[in-house]
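Residue strings, one per chain:
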Amino acid sequence: MSKPIDPPAGHGRRGVLKAALGAAAGSGTLGGFPTIWAQNIRDVVLQHAGPPVTAIGLIADQATKDLGFTVRMQASENADLLNRFLSQSSAIDVADVSITFMKYLVGRNVLQGIPRSKMQHWDVTIPLFTKGRYPDGRVASTEGVAPYGVLYLTDAEAKAFAPGETEWLTGVPSVTNADTLGIRPDLTGRPITSWADLLDPAFKGRAALQDQPAVGTIDVAMAVEARGGVKYGNKGNMTRAEIDRTMAIMMDIKRSGQFRSFWTTFDQSVNLMASGEVVIQSMWSPAVSAVRTRGIPCIFQPLKEGYRGWGYTLGMMKHLTGLKRDCAIEYANWYGSGFQGAVIARQGYYSTQPENVRKFLTSAEWDYWYDGKPAAEVLPDPFGKPSIRPGEVRDGGSFEQRMGNIAVWNSVMDEDRYLTRKWNEFITS
Amino acid sequence: MSSTAEATARIAPRSRGRRWRPSPRATSWLQVSPLAIILVTFFALPTVIFLVVSFYDYDRVGIYPDFLLDNYKELLTTPATLRVYLSSLKFAFIVWGITLFLGFNIAYFLVFHVRSRAVRTMLFLACAIPFWTSGIIRTIAWIPFLGRNGVFNQMLQGVKLIDQPLEFLLFSPFAVCVTYIHLFTLLMIGPIANSLAKIDPALLEAARDAGASRWRTMVDVVIPLSKTGIALGSILVFTQVMGDFFVVKAMSGGQSASIVSQLATEIQAMQYPPAAASAMILVLFVAVMVGGMMRVVDVRKELVR
Chain A
1 MSKPIDPPAG
11 HGRRGVLKAA
21 LGAAAGSGTL
31 GGFPTIWAQN
41 IRDVVLQHAG
51 PPVTAIGLIA
61 DQATKDLGFT
71 VRMQASENAD
81 LLNRFLSQSS
91 AIDVADVSIT
101 FMKYLVGRNV
111 LQGIPRSKMQ
121 HWDVTIPLFT
131 KGRYPDGRVA
141 STEGVAPYGV
151 LYLTDAEAKA
161 FAPGETEWLT
171 GVPSVTNADT
181 LGIRPDLTGR
191 PITSWADLLD
201 PAFKGRAALQ
211 DQPAVGTIDV
221 AMAVEARGGV
231 KYGNKGNMTR
241 AEIDRTMAIM
251 MDIKRSGQFR
261 SFWTTFDQSV
271 NLMASGEVVI
281 QSMWSPAVSA
291 VRTRGIPCIF
301 QPLKEGYRGW
311 GYTLGMMKHL
321 TGLKRDCAIE
331 YANWYGSGFQ
341 GAVIARQGYY
351 STQPENVRKF
361 LTSAEWDYWY
371 DGKPAAEVLP
381 DPFGKPSIRP
391 GEVRDGGSFE
401 QRMGNIAVWN
411 SVMDEDRYLT
421 RKWNEFITS
Chain B
1001 MSSTAEATAR
1011 IAPRSRGRRW
1021 RPSPRATSWL
1031 QVSPLAIILV
1041 TFFALPTVIF
1051 LVVSFYDYDR
1061 VGIYPDFLLD
1071 NYKELLTTPA
1081 TLRVYLSSLK
1091 FAFIVWGITL
1101 FLGFNIAYFL
1111 VFHVRSRAVR
1121 TMLFLACAIP
1131 FWTSGIIRTI
1141 AWIPFLGRNG
1151 VFNQMLQGVK
1161 LIDQPLEFLL
1171 FSPFAVCVTY
1181 IHLFTLLMIG
1191 PIANSLAKID
1201 PALLEAARDA
1211 GASRWRTMVD
1221 VVIPLSKTGI
1231 ALGSILVFTQ
1241 VMGDFFVVKA
1251 MSGGQSASIV
1261 SQLATEIQAM
1271 QYPPAAASAM
1281 ILVLFVAVMV
1291 GGMMRVVDVR
1301 KELVR
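Chains as they are written, first to last, in our numbering: chain A, 1 to 429; chain B, 1001 to 1305.
Since the hints were made in silico from the structure, they are not lab data.
Note that the structure is a prediction, hence the values are computed from the model and not measured.
In this text, a Cβ means the ideal position worked out from N, Cα and C, and glycines have one as well.
Any given hint might turn out to be false.
To be verified - Reference excerpt, derived from the structure (chain B facing chain A, CB under 8 angstroms, subset only):
1) T1078
2) P1079
3) A1080
4) K1090
5) G1147
6) E1167
7) L1169
8) R1208
9) K1249
10) Q1271
11) R1300
Unchecked claim - Residues from chain B shown here face chain A by an in silico Cβ test under 7 angstroms; the list is partial:
12) V1061
13) R1083
14) V1084
15) R1148
16) N1149
17) F1171
18) G1253
19) G1254
20) A1257
21) Q1262
22) T1265
23) Q1268
24) A1269
Pulled out of the complex, with its shape left as it was, chain B reads as follows (with noise of 0.2 angstroms):
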């Protein structure tokens, strides 16, 4: 009787320690800790540091802790802001229509002409490759090809179109434009090829047999079952605009100032707590925007389906 005794003494607690599970709660909690940790060191951690920042004062040689609305009253009161906020609006909304005519074009064509498998993931290749090398170098390479003694110019004089090179071409809002949709259309691709990928091909069949032209297949069908491709294609291309420094500073010569390339001139000039002021608007801003959008279509809700 007592070996038995000890025996179950010795199996018990082994026993009870595999049946150990931790609660529910705390399985979800320790889920999204590798993710939350991250977000809360590397974004809410040096976001709420811009916050505090952002209200002190400053001058040349450092910055002094404060409340100071200065720095924001500078921000929304030169007309700067304004000029650069209009014009990154205006780059995102032309670079977002292009891009989604673009995206949606080609992922559709991807999706639905091409038949066989292996020529649609060549295709994809063939639109993946070129984003192997970096952004700048095929920002950069754009500079020799519109310049005013560039290839294309040499072109249009060579076949006698014109005699004057077009100077328009580089170092201009045209130029910035160019860059910006052929950095960005496969940011669109991508999120519309996916979702239209799910969109069962018997939908299409059944509009068919209803008699629905391929206008009405398309607009009541297809786009409303790709709606979150093109959501987060949208908010991939927008934010993209909206944060670029590089684009704007390289193509538009320094013609034209985004609000990053404004904040970094305040950076290169030691001043921070301003810089800081100009961060914290522009994270509003694309929240706000970005969440009209979501708002538009829940994403979260399409993806789970």
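Isolated chain A, as found in the complex (with noise of 0.2 angstroms):
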């Protein structure tokens, strides 16, 4: 697979890297000569594994140009990549690590420390993710998995998360975005606003909810909580009798008829919304747009309690050493510098270095997937066919408004096997 280097697009990046590794074997960790790192590099072959909404091959194909080491991806989902991570993570280099795949990897001899001195864009990554905070100073919600709470380590060991900001990083910040409940605006009969909204007795029988524990409870904590009368410590951690109390309301709720499916595939909530059965539910931004490709009108609903926020690192696995690490360390520059970013924008994602972006999109693009101005004119998905119609606007507007307003994140309880069993007895009420 190792393809000829192609000198002009390679050469300034595998500059980099021989710099690099030269001053590594100067400093007597490595040895050889400058001349057979080129050969070397070549022969590496990164694995990168992720989900399939951002193990995309295309991008792991311009790497390959770019660096002049192979990347391949590997896309699995759900359970089968975090058991992947757990059980064979020697078959894995790289991978995008869920925030709240985290809190399962971390002091489990999956990952390796990543020296924060070694990232050319951690200037550029929002602060959301690198300090807590919005670029405006204010403090992000820290309920559920925040990025800010998994993303350092006590050191390289990679044994435990540090409270505050450290030298060591448990993953390279790489995708972000803000879920919401999608509505079809043509068959709720009027304007949503609040969270509440999903449980309205006006839309019985016409909602639904993912059919995953913490985030299908978390979207309801939302709604019970903006309905008024219920608080909560933090809807992403909820503590057994928080659990209990929300439970027992869900049971009502589904005794009353409100839910009209509940939904564990991407297609299944596409085709849901599609067809009428439903008008309001949990959804995924891509999923909206699939929706609206075929015509039929569908929003990604801004809502006034806010978002639920999620993310992804590039992590790098245990086992990693010498030249590859290396090499590993390069994709991850590499990965914060815009070309990534630019695909999966294409799809509604946002990355974490916003203005390395920036130079991978056009002007209209940028203006339509981050400033949330009208599309100037067709814009392409990540794969160049045309999705988005000249004069559409971004549901929910810039990326400022969207991702500064993150009510909660999605999240792994300290409860976790307590809220699986008690929504087994959910869903089977």
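Both chains are given apart, each in its own frame, so use the hints to dock them into the complex.
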């Protein structure tokens, strides 16, 4: 698979890597002659694992072209991916690690600490991840698993999270987004402004939830709190009493026939919405786009209580050493340099280094995806198919408006064992 | 003389080798070994592993060797378990009753009413061909048909039978039953048709000559002689419904859960020991049910006959 090196394209980056390696060799950690490096790099293959929405083949192809070593993508989902990290991490080199997975992985000898000093794009990485703050200084929500809380390690051994900023990272911030409810504006019959609308009896038999204990429960908790009367300490990390209380409410609502369905896959959520079976439900941003490309009106509705945020970082597996580790660090820097961010921007996800992405998007694309302005022309999806018509405006507006209003983060609760049991009771009730 | 002795010496070992036969015991062992190896490696061993893991302790990040009854205690005390077993049993009995009725009648028609061999083969194929596509596709195909704005509702509204779409058609127990029946009726037709075909037509003639009504012939001759097929078909349908995950999930819209979907939620949450405990209870439950059916009809005896 190693491709012939294309001197003009790859030269600059290989130069950087060679210099870095040369320095390493000088410091005595590596041996050999500089002339051998080019040959060695060419034989390096990095296996990159991630979910299908981020482990995209064309990103690996471009990285291979730019970096002079080979990157291969492997896509798998949810528990399968987590299982691969936990049981076969030696078959993976780098990975898109969901922020929520960090709680499973750190201290398990799966990931290695990444030296912050080697990260070239650290200063353009959004402070929401690096400091837990918005650019204007406001402290961001820490409900659920906030990226800042799981980003830093106490030391290179990668055994425990550090409470504040350190020199060692669990992963390099890469992808983020803000999720909300998807609605069918033509069928709801009135404007939707609050999470409480998910539970409005007016939508009896036409609401749906994701069949996932943490996400489903958090979405209902958002709605219950918005409806008033119930307060949570931390919706993303409930106590047993809070879980019991929420489940009791959820079962009542389910018995009243509010929910039409509980979906497990992307396609199910798209079909529920497109067919009109459901008019308001938990949804993912690309699923909203998929409904719209069928010519059916669908909105990823911004709600006044805020969004449910999530994120990914690029993690490096424990077994990486020497040349391969240097290549992985080089790849992590490439990953944040803009091309990857531009690819995922076209499906509605944000890069955590937005300024770098700007260089790889047309100004019309930047205006639509990041600035919340109407599309000036037809915009493509990640694979070049037309997806946005001129004049369309992104739901929720600009990057700052959407990512600036995170109410809660996707989560793995401390009581997740209890939550799973209760969720099963809810689904079967 | 010496040359004869030499010749005998040369031949003897070979002819003794040719005469060597494994003992009958060894032959039986050799005959069962391929199936035994497959069953041990792919069924017995994994089941033992499940059994062992079902007693383990676990937390978010791992499973720890232990001997705890907590997984079983939690499983058997949560109301969810009773509910999924009752709901799966309910589906199993409804589907069993309907597929038995349909399956028996279709098989009877194919075996006794269709005279031409060619027509019978064609009709059998007509039953079987839909099964060349995957069960998942045949399940999903019902969704656009039964949906709120689906083909069936639009048809009923088109002929003015109803003015509001019927909601209960999709994402309901009704939808689950329809899909099960569609998927599993063939599992009844096959074994029943097989045992009906073995019935000597002379028996039916004899019954008629002895003055038995059609009903008496059916009850006293045909049904007892097709018991094996009915039992085999029932076991197939019953185990399919009890072990189902996809149909309940897709057709009830996640509104009702099956035993396996409950287990799947646990696996997605990386909670293997309780999932293993559920699997053990399910295997035990289905084994007892199938054992019960086997007691009513000794399938082995009937198959040999």
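Quick rundown of the hints versus the structure:
no.	hint	result
1	T1078	holds (6 angstroms)
2	P1079	holds (6 angstroms)
3	A1080	holds (4 angstroms)
4	K1090	violated (13 angstroms)
5	G1147	holds (5 angstroms)
6	E1167	holds (6 angstroms)
7	L1169	violated (11 angstroms)
8	R1208	violated (53 angstroms)
9	K1249	holds (7 angstroms)
10	Q1271	holds (6 angstroms)
11	R1300	violated (37 angstroms)
12	V1061	holds (5 angstroms)
13	R1083	holds (4 angstroms)
14	V1084	holds (5 angstroms)
15	R1148	holds (6 angstroms)
16	N1149	holds (6 angstroms)
17	F1171	holds (5 angstroms)
18	G1253	holds (3 angstroms)
19	G1254	holds (3 angstroms)
20	A1257	holds (4 angstroms)
21	Q1262	holds (5 angstroms)
22	T1265	holds (6 angstroms)
23	Q1268	holds (5 angstroms)
24	A1269	holds (5 angstroms)
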